Amino acid sequence: MASKPIEDYGKGKGRIEPMYIPDNTFYNADDFLVPPHCKPYIDKILLPGGLVKDRVEKLAYDIHRTYFGEELHIICILKGSRGFFNLLIDYLATIQKYSGRESSVPPFFEHYVRLKSYQNDNSTGQLTVLSDDLSIFRDKHVLIVEDIVDTGFTLTEFGERLKAVGPKSMRIATLVEKRTDRSNSLKGDFVGFSIEDVWIVGCCYDFNEMFRDFDHVAVLSDAARKKFEK
Numbered sequence: 056m057a058s059k060p061i062e063d064y065g066k067g068k069g070r071i072e073p074m075y076i077p078d079n080t081f082y083n084a085d086d087f088l089v090p091p092h093c094k095p096y097i098d099k100i101l102l103p104g105g106l107v108k109d110r111v112e113k114l115a116y117d118i119h120r121t122y123f124g125e126e127l128h129i130i131c132i133l134k135g136s137r138g139f140f141n142l143l144i145d146y147l148a149t150i151q152k153y154s155g156r157e158s159s160v161p162p163f164f165e166h167y168v169r170l171k172s173y174q175n176d177n178s179t180g181q182l183t184v185l186s187d188d189l190s191i192f193r194d195k196h197v198l199i200v201e202d203i204v205d206t207g208f209t210l211t212e213f214g215e216r217l218k219a220v221g222p223k224s225m226r227i228a229t230l231v232e233k234r235t236d237r238s239n240s241l242k243g244d245f246v247g248f249s250i251e252d253v254w255i256v257g258c259c260y261d262f263n264e265m266f267r268d269f270d271h272v273a274v275l276s277d278a279a280r281k282k283f284e285k
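For the sequence shown, the numbering used here assigns the number 285 to the last residue and increments by one with no breaks.
Among the hints, a few may not be true.
[Unchecked claim] Derived DEER-like restraints, expressed as beta-carbon distance ranges:
#, residue 1, residue 2, range
1, K171, A219, 28 to 36 Å
2, Y167, W254, 24 to 32 Å
3, D277, K152, 40 to 48 Å
4, D277, G155, 46 to 54 Å
5, F87, S158, 34 to 42 Å
6, S238, R156, 20 to 28 Å
7, S158, R70, 37 to 45 Å
8, P90, E284, 18 to 26 Å
9, D188, S158, 40 to 48 Å
10, W254, D86, 18 to 26 Å
11, E62, D277, 24 to 32 Å
12, F87, I191, 40 to 48 Å
In short, the hints are calculated from the structure, not lab data.
Owing to the predicted nature of the structure, the values given are computational and were not obtained by experimental measurement.
Where is the CB? At the ideal position from N, CA and C, for every residue including glycine.
Please work from the sequences and hints to get the whole structure.
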């Protein structure tokens, strides 16, 4: 069911719980093909790329069931969420095509917003928003696609700005939710994985623009943080 009270934004009510990855659960990077420019800085794989793709396909299926027949507007939070977003909408389009059910509306309308609240691996506490006029989302079902929910600050602040224009409903899709004491308790509605509080790279996650091209979600080494910190 697409309808959801705006005041439930960020509470995760009625969600299917994410796949739980226990603390200290890793794969050895030597068992994977690691590009030469990444190899010195990655020694632990948290989420293999194949697992990520299969999990995103399931999220797309859950989203399809929730919004089928409704006009859905999906907001991609740039640029970290681009890889997750592209994979998600590809699955959404495929699922609708082969669902066997007819709909008079497209599976989604896509939009892009640039938010920035991090430098190095720290939240700055200041949110910068670059986007078109948010009023286009008035009376629309909106799904915000973010790559990761960490402190929750970014999506809380952006959510407040979006609420002001009066959307019909607001939900969050994220690939990863961190278990961290720094969280403001914001929860996504469609969540791939619950992981411990480690800094991750790969599968579109970056550290100061490095490692986005790596095919797996890996834990960043201390050496990489020292070398690429700005």
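Is the distance from the Cβ of F87 to the Cβ of I191 consistent with 40 to 48 Å? With a Cβ separation near 42 Å, F87 and I191 satisfy 40 to 48 Å, so the hint holds.
Taking the Cβ atom of D277 and the Cβ atom of K152, is their distance within the range 40 to 48 Å? holds, 46 Å
Are W254 and D86 spaced within 18 to 26 Å by their CB atoms? Holds, since W254 and D86 (Cβ atoms, about 21 Å apart) stay within the stated range.
Could you tell me whether the CB distance from D277 to G155 stays inside 46 to 54 Å? holds, 51 Å
18 to 26 Å as the expected CB spacing between E284 and P90, which holds or is violated: holds, 21 Å
20 to 28 Å was suggested as the range; check whether the CB atoms of S238 and R156 agree with it. The hint (20 to 28 Å, Cβ to Cβ) is violated, given that S238 and R156 are roughly 37 Å apart.
Does the Cβ-Cβ separation between Y167 and W254 fall within 24 to 32 Å? For Y167 and W254 the Cβ distance comes to about 25 Å; the hint holds.
I want to verify a distance hint. Is the separation of the beta carbons of E62 and D277 within 24 to 32 Å? Because 42 Å falls outside the window, the suggested range is violated.
Could you see if the CB distance from D188 to S158 stays within 40 to 48 Å? Violated: the Cβ-Cβ distance is about 28 Å, outside 40 to 48 Å.
Just to be sure I understand the hint, the distance between the Cβ atoms of F87 and S158 should be within 34 to 42 Å; is that true here? holds, 39 Å
Against the range 28 to 36 Å, how does the distance between the Cβ atoms of K171 and A219 compare: consistent or not? Violated, since K171 and A219 (Cβ atoms, about 20 Å apart) do not stay within the stated range.
37 to 45 Å was suggested as the range; check whether the CB atoms of S158 and R70 agree with it. violated, 24 Å
Hint violations for this structure: numbers 1, 6, 7, 9 and 11, all remaining hints satisfied.
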